[in-house]
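K.L.:
Please build the complete structure, drawing on both the sequences and the hints.
There are 2 protein chains.
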Amino acid sequence: MKLLEDKIASEGLVLPGNILKVDQFLNHQIDPMFMNEMGKEFAKLFKDDGITKIITVESSGIAPAVLTGLQMEVPVVFARKHKSLTLNDNIYSSDVYSYTKQTNNKISIDKRFINSTDNILVIDDFLANGQAVLGLLDIAKKAGANVNGVGIVIEKSFQKGHKIIKDSGIHLESLARIASLENEKVTFE
Amino acid sequence: MKLLEDKIASEGLVLPGNILKVDQFLNHQIDPMFMNEMGKEFAKLFKDDGITKIITVESSGIAPAVLTGLQMEVPVVFARKHKSLTLNDNIYSSDVYSYTKQTNNKISIDKRFINSTDNILVIDDFLANGQAVLGLLDIAKKAGANVNGVGIVIEKSFQKGHKIIKDSGIHLESLARIASLENEKVTFE
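First to last, the sequence lines map onto chains A and B.
If you're matching positions, the first sequence starts at 1 in full-length UniProt numbering and goes up one per residue.
If you're matching positions, the second sequence starts at 1 in full-length UniProt numbering and goes up one per residue.
Hints listed in this document are in silico derivations from the structure and should not be mistaken for laboratory results.
Treat the hints with care, as some may be off.
Since copy identity is lost for identical chains, a pair holds within one copy or between any two.
Below, simulated DSS-like cross-link-like pairs (lysine-lysine); rule was C-alpha separation at most 27 Å, straight line [stated by the list, open to error]:
id: 1; residue 1: 81; residue 2: 106
id: 2; residue 1: 21; residue 2: 111
id: 3; residue 1: 7; residue 2: 111
id: 4; residue 1: 160; residue 2: 111
P.N.:
Put into structure tokens, the structure is as follows:
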């Protein structure tokens, strides 16, 4: 998506350690009109996938997921993060390791909100090592739901998440694909 | 907002301890089309307040804030929650006590995203004791920003938040006002 690449190039900040800071419009301050354009783009890319529900993870996934849900006219469920989790029969949960923060989180979705009749689209703001997306896929599997698509705002294509999702055969679409952040410069695929 | 009251009456669940569970459409599963209607309602209620920016707190405030921002065509900033906080010169932060969870959190907003030229609308999903809203007002004050409105999806009018905000003189609008949750029954104002 050209508009997104332009925005990353002009407003994104590359920090040491392959970190791309886009808190200006994506994950701290949000530009709702621009986010709505991304929702329209996802709706177009996944229009033939029979999507009935969108799932994401709090917090940065919520805005793109909700605006995609608005465009596709389907409900959105966001998984909650927990440091630890007491046993609870009413939720599906999965472990997610954060490479950035070097912490383990559990993420969970209430069993009432995901089931075997769902055709799921997973939406998230970033795809790097793929841990969050894999956690959501694991939850969908536990619920017996189909995952028909994965939509990512910004993909770091040089990290392993892209290949893992692609190899699983799921329809993957990323609005911006970054080939490299070396020398503190954004290079797109 | 009649549509919201109907939805609370039909889908809300009252639990012991004055807890109203609306995770079916507001804070776990989200109905984006319905949320967009709420955004339109907030945009109408605050149209004369000269709003230039919306602030909220992660995670449940994000969806209503973003859809209100979409309708008002202004940026949205969500404050992040932290268990503790290392000193950081680049953020405004405030302490927020959660009566439900009986924990203290810090919430913070990057100094780049709030300043003295802003006319702020605070949006949140719930108003009970008002701690989260007061934390956001405190951050706005530290930034020298004006707060011109507070918009709440569901207000528990029998708890102290409503009175505190009203007494401060800020334009407060709540889409649903609950007078009582006694006997596990929702009674609106």
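K.L.:
Look at each hint and say if it fits the structure.
P.N.:
Hints and how they fare:
1. 81 / 106: Classified as both; 6 Å inside a copy, 17 Å across copies.
2. 21 / 111: So residue 21 and residue 111 pass the 27 Å test across copies only (15 Å; inside, 34 Å).
3. 7 / 111: between (38 Å within a copy, 21 Å between copies)
4. 160 / 111: Neither, since 30 Å and 34 Å both go past 27 Å.
Checked against the numbered hints given earlier, this structure breaks only hint 4.
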